[in-house]
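S.K.: Here is how the chains run, residue by residue.
There are 2 protein chains.
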Amino acid sequence: MSKKQIYKPKPVSGFPEWLPEIRMIEQQWLDHIRRVFESYGYASIETPAAEEIDVLTAKGETDKEIYTLTRLQADEDSKKEARIGLHFDQTVPFARYTAMHFNELDFPFKRYAMQKVWRGERPQLGRMREFYQCDIDVIHVDNLPLHFDAEMPAVIYEALEGLDIGRIQIRISNRKILLGLLDAMGIEDTIPVTRTVDKQDKLPANEVIQLLTTECSLTENQAHKIITLTKVSGVDDIRAITPENDQMREGIEELAFVLDQLSHLPDEAIVADLSIVRGLDYYTGTVYETRLLDIPEFTSSVCSGGRYDDLAGSYINKHLPGVGISIGFTRLFDVLRHNGYIKNTRKTPTDILVILPSDNARTLATDTAHTLRENGWNVEVYHAPQKIGKQINYAEKKGIPHIYFPDLGEFKNLSNGEQTKIDAKAWIKKIGDD
Amino acid sequence: MSKKQIYKPKPVSGFPEWLPEIRMIEQQWLDHIRRVFESYGYASIETPAAEEIDVLTAKGETDKEIYTLTRLQADEDSKKEARIGLHFDQTVPFARYTAMHFNELDFPFKRYAMQKVWRGERPQLGRMREFYQCDIDVIHVDNLPLHFDAEMPAVIYEALEGLDIGRIQIRISNRKILLGLLDAMGIEDTIPVTRTVDKQDKLPANEVIQLLTTECSLTENQAHKIITLTKVSGVDDIRAITPENDQMREGIEELAFVLDQLSHLPDEAIVADLSIVRGLDYYTGTVYETRLLDIPEFTSSVCSGGRYDDLAGSYINKHLPGVGISIGFTRLFDVLRHNGYIKNTRKTPTDILVILPSDNARTLATDTAHTLRENGWNVEVYHAPQKIGKQINYAEKKGIPHIYFPDLGEFKNLSNGEQTKIDAKAWIKKIGDD
Numbered sequence: 034m035s036k037k038q039i040y041k042p043k044p045v046s047g048f049p050e051w052l053p054e055i056r057m058i059e060q061q062w063l064d065h066i067r068r069v070f071e072s073y074g075y076a077s078i079e080t081p082a083a084e085e086i087d088v089l090t091a092k093g094e095t096d097k098e099i100y101t102l103t104r105l106q107a108d109e110d111s112k113k114e115a116r117i118g119l120h121f122d123q124t125v126p127f128a129r130y131t132a133m134h135f136n137e138l139d140f141p142f143k144r145y146a147m148q149k150v151w152r153g154e155r156p157q158l159g160r161m162r163e164f165y166q167c168d169i170d171v172i173h174v175d176n177l178p179l180h181f182d183a184e185m186p187a188v189i190y191e192a193l194e195g196l197d198i199g200r201i202q203i204r205i206s207n208r209k210i211l212l213g214l215l216d217a218m219g220i221e222d223t224i225p226v227t228r229t230v231d232k233q234d235k236l237p238a239n240e241v242i243q244l245l246t247t248e249c250s251l252t253e254n255q256a257h258k259i260i261t262l263t264k265v266s267g268v269d270d271i272r273a274i275t276p277e278n279d280q281m282r283e284g285i286e287e288l289a290f291v292l293d294q295l296s297h298l299p300d301e302a303i304v305a306d307l308s309i310v311r312g313l314d315y316y317t318g319t320v321y322e323t324r325l326l327d328i329p330e331f332t333s334s335v336c337s338g339g340r341y342d343d344l345a346g347s348y349i350n351k352h353l354p355g356v357g358i359s360i361g362f363t364r365l366f367d368v369l370r371h372n373g374y375i376k377n378t379r380k381t382p383t384d385i386l387v388i389l390p391s392d393n394a395r396t397l398a399t400d401t402a403h404t405l406r407e408n409g410w411n412v413e414v415y416h417a418p419q420k421i422g423k424q425i426n427y428a429e430k431k432g433i434p435h436i437y438f439p440d441l442g443e444f445k446n447l448s449n450g451e452q453t454k455i456d457a458k459a460w461i462k463k464i465g466d467d
Numbered sequence: 034m035s036k037k038q039i040y041k042p043k044p045v046s047g048f049p050e051w052l053p054e055i056r057m058i059e060q061q062w063l064d065h066i067r068r069v070f071e072s073y074g075y076a077s078i079e080t081p082a083a084e085e086i087d088v089l090t091a092k093g094e095t096d097k098e099i100y101t102l103t104r105l106q107a108d109e110d111s112k113k114e115a116r117i118g119l120h121f122d123q124t125v126p127f128a129r130y131t132a133m134h135f136n137e138l139d140f141p142f143k144r145y146a147m148q149k150v151w152r153g154e155r156p157q158l159g160r161m162r163e164f165y166q167c168d169i170d171v172i173h174v175d176n177l178p179l180h181f182d183a184e185m186p187a188v189i190y191e192a193l194e195g196l197d198i199g200r201i202q203i204r205i206s207n208r209k210i211l212l213g214l215l216d217a218m219g220i221e222d223t224i225p226v227t228r229t230v231d232k233q234d235k236l237p238a239n240e241v242i243q244l245l246t247t248e249c250s251l252t253e254n255q256a257h258k259i260i261t262l263t264k265v266s267g268v269d270d271i272r273a274i275t276p277e278n279d280q281m282r283e284g285i286e287e288l289a290f291v292l293d294q295l296s297h298l299p300d301e302a303i304v305a306d307l308s309i310v311r312g313l314d315y316y317t318g319t320v321y322e323t324r325l326l327d328i329p330e331f332t333s334s335v336c337s338g339g340r341y342d343d344l345a346g347s348y349i350n351k352h353l354p355g356v357g358i359s360i361g362f363t364r365l366f367d368v369l370r371h372n373g374y375i376k377n378t379r380k381t382p383t384d385i386l387v388i389l390p391s392d393n394a395r396t397l398a399t400d401t402a403h404t405l406r407e408n409g410w411n412v413e414v415y416h417a418p419q420k421i422g423k424q425i426n427y428a429e430k431k432g433i434p435h436i437y438f439p440d441l442g443e444f445k446n447l448s449n450g451e452q453t454k455i456d457a458k459a460w461i462k463k464i465g466d467d
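First to last, the protein sequences are chains A and B.
Per the numbering used here, the first sequence starts with residue 34, numbered consecutively.
Per the numbering used here, the second sequence starts with residue 34, numbered consecutively.
Possibly wrong hints are sitting among the right ones.
No copy labels: a pair is met if it fits in one copy or bridges any two.
25 Å max Cα-Cα, derived SDA-like pairs, lysine to any residue [to be verified]:
| no. | residue 1 | residue 2 |
| --- | --- | --- |
| 1 | Lys376 | Arg67 |
| 2 | Lys420 | Asn239 |
| 3 | Lys423 | His352 |
| 4 | Lys431 | His371 |
| 5 | Lys92 | Thr275 |
| 6 | Lys43 | Arg116 |
| 7 | Lys41 | Ala91 |
| 8 | Lys43 | Ala91 |
Worth flagging that the hints you see were computed from the coordinates, not collected in a lab.
None of these values were measured; they are calculated from a predicted model.
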């Protein structure tokens, strides 16, 4: 095979990939999140990357972002095949999965999903076309205890807190409070109002009020009342709201219950924020958003979700209420990476490099490596009997923390230069006991 | 939202998904394989699901299997975007990755990859359109020590052996031996011959000889000589072959070296098999296939690979020899699952269900669960203060092994019915010490 032409491939825009040292951190993060999810009894499911187009477009709104799949050399047969596309979130596939396997699942069904999803949006920093989401949801038949609405923030706080990215703040509301108030006011077309309220983050209060009175045709009084409501925070102030109907009362009680259940978390970790409305019509009660208080570069919600009335009504004649929350993992990871918050020191999982002093010592080196591996270490044998300095240099370049000289029975800690004469097995025991 | 029409989605053919209890086993398998890969110092990389079509089709042969991606509602802008498709293996993306990040990687570069790949082939049992591959490769610049050819089977043996799927047999050859012989015979068009030799598994020897003499225009004598060679096995018999040229001599020495290095493994685990040729022109030296000796339903190679001359010659003007091996994970998993070899008992990672005796005990139950979690257990609190029998029934249905009564300070092992009065913290310590 002669070397004809070199084709220089470019990165495909919006499809990120990391160097090994960054990927190691990504894996540690994903492992940690998974561990927390499982510690609360969430079971993993993994759905295919592709779903029928009819499933993906059932809700109608997001079809412009969908990647459809076509076989490059489709034949006559393939015309009979289902039209499929890549999933753009994990909720639509979860609904389809739950409906399809309903009789084989046990409820309440606690599931987590950590998969890549794809959206054909215009890429920019923190918005990719391929990215991981980390979701948990609990689904039950007919009734789902409110207790689970309080579990979501507890799990997410633990998952994010363990990533060492500063203070986490989960902001919680309950849509029934605002919707109840709108109902009491006789406002039927609620979507423009909730959409406007959602802008409070970006606009000053007087502009929001102006939008409510002009575009949503509310009176000044109504607008002020709404804005006043959405400024309430703290469990005592929530309880002090005078409900104007049952819906409001329910929302207040639910939110107070959820906040009470989370009182063991640090004060600033859980905050009531009635301005959060999210999703406009999917969520029906509790809603969540999450801020990173110490990462000014990350301005949006890193983890959002809420309570919904019915997961899979389009696919199955069962009433399946649920509550769920989703970490936009790759967006979080990429923004932090980009802004230098992620420290990496190792390019390999190798803990110990076994030095190869000579070709004759190959068997000794390989056997030593084997023993070390049996004791739980990740071990490489250097590949050629080169000068020791070159072998050490390899370890240092890759960030391997220890080297071992099998012929001398000596090991060296490369971070502090400490060199100790010690039998491999004894050393293992010593370190293993730490 | 009124329940209008129920749309019953069908599974998309060739895109498998598992129930939670099967997914748990799949995760255990993937975790184990990853642990073994890392214990030998392989670093993870993960490439995007999609590559430029030009990258995917560079080798020309597999384009009919490629899924291309199109945005469902592509706009004018999108016409300027690169044409992309889903990767059909992990080698093509690895070559592109290595070329693109060459200056940031350290060599020898040991990488593993465990991702899904997609092929638009006709689905059947054990052949999916979406499946996991688990690959390891080592790449070096200009020269890669033969030592790594021996590492591949050692890693793979450990990875597969730990899955508890019976005896593993890795069959090894070196293509230089057969190709050297063909060269010595003056046979230039080697591909039809190697392709015919590859059929020895399926055809009796006399039919293979007939094909060699008719379709490949060899003499009877040549055909017999080839078949005799490919029947040689065992390191002593390999060494006893009289090489007819340097290429044959090199192949014999390399294969003998690799077998020598693997002599610590069980006799039947590593077998020389000169009939293995694989890949026809990609591999240039050592080649591997893997059989499951105790799984008659699995008739093909579960894990294959070999040595190649140059990973990324189409993308970079560097000579990058490598050796790699790949487990066809989903195919393996699905055939074993389908044939009842995979035993699952748990539908959830939960180790302990904390009983909720009454609503008043909610805080006690949640606190107890928290303490148990801090000690490394996966714990759920039952969601409602229902009858104890119902709560135990939930644990049994999901395969949760233990329950704990926080009010009584009693725990029960559901597998043997043993009930013990013990403080949660003491119990944790006791079990944790096992």
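S.K.: Of all the hints given earlier, name the ones this structure violates by number, lowest first.
M.R.: Those not satisfied are hints 2, 5.
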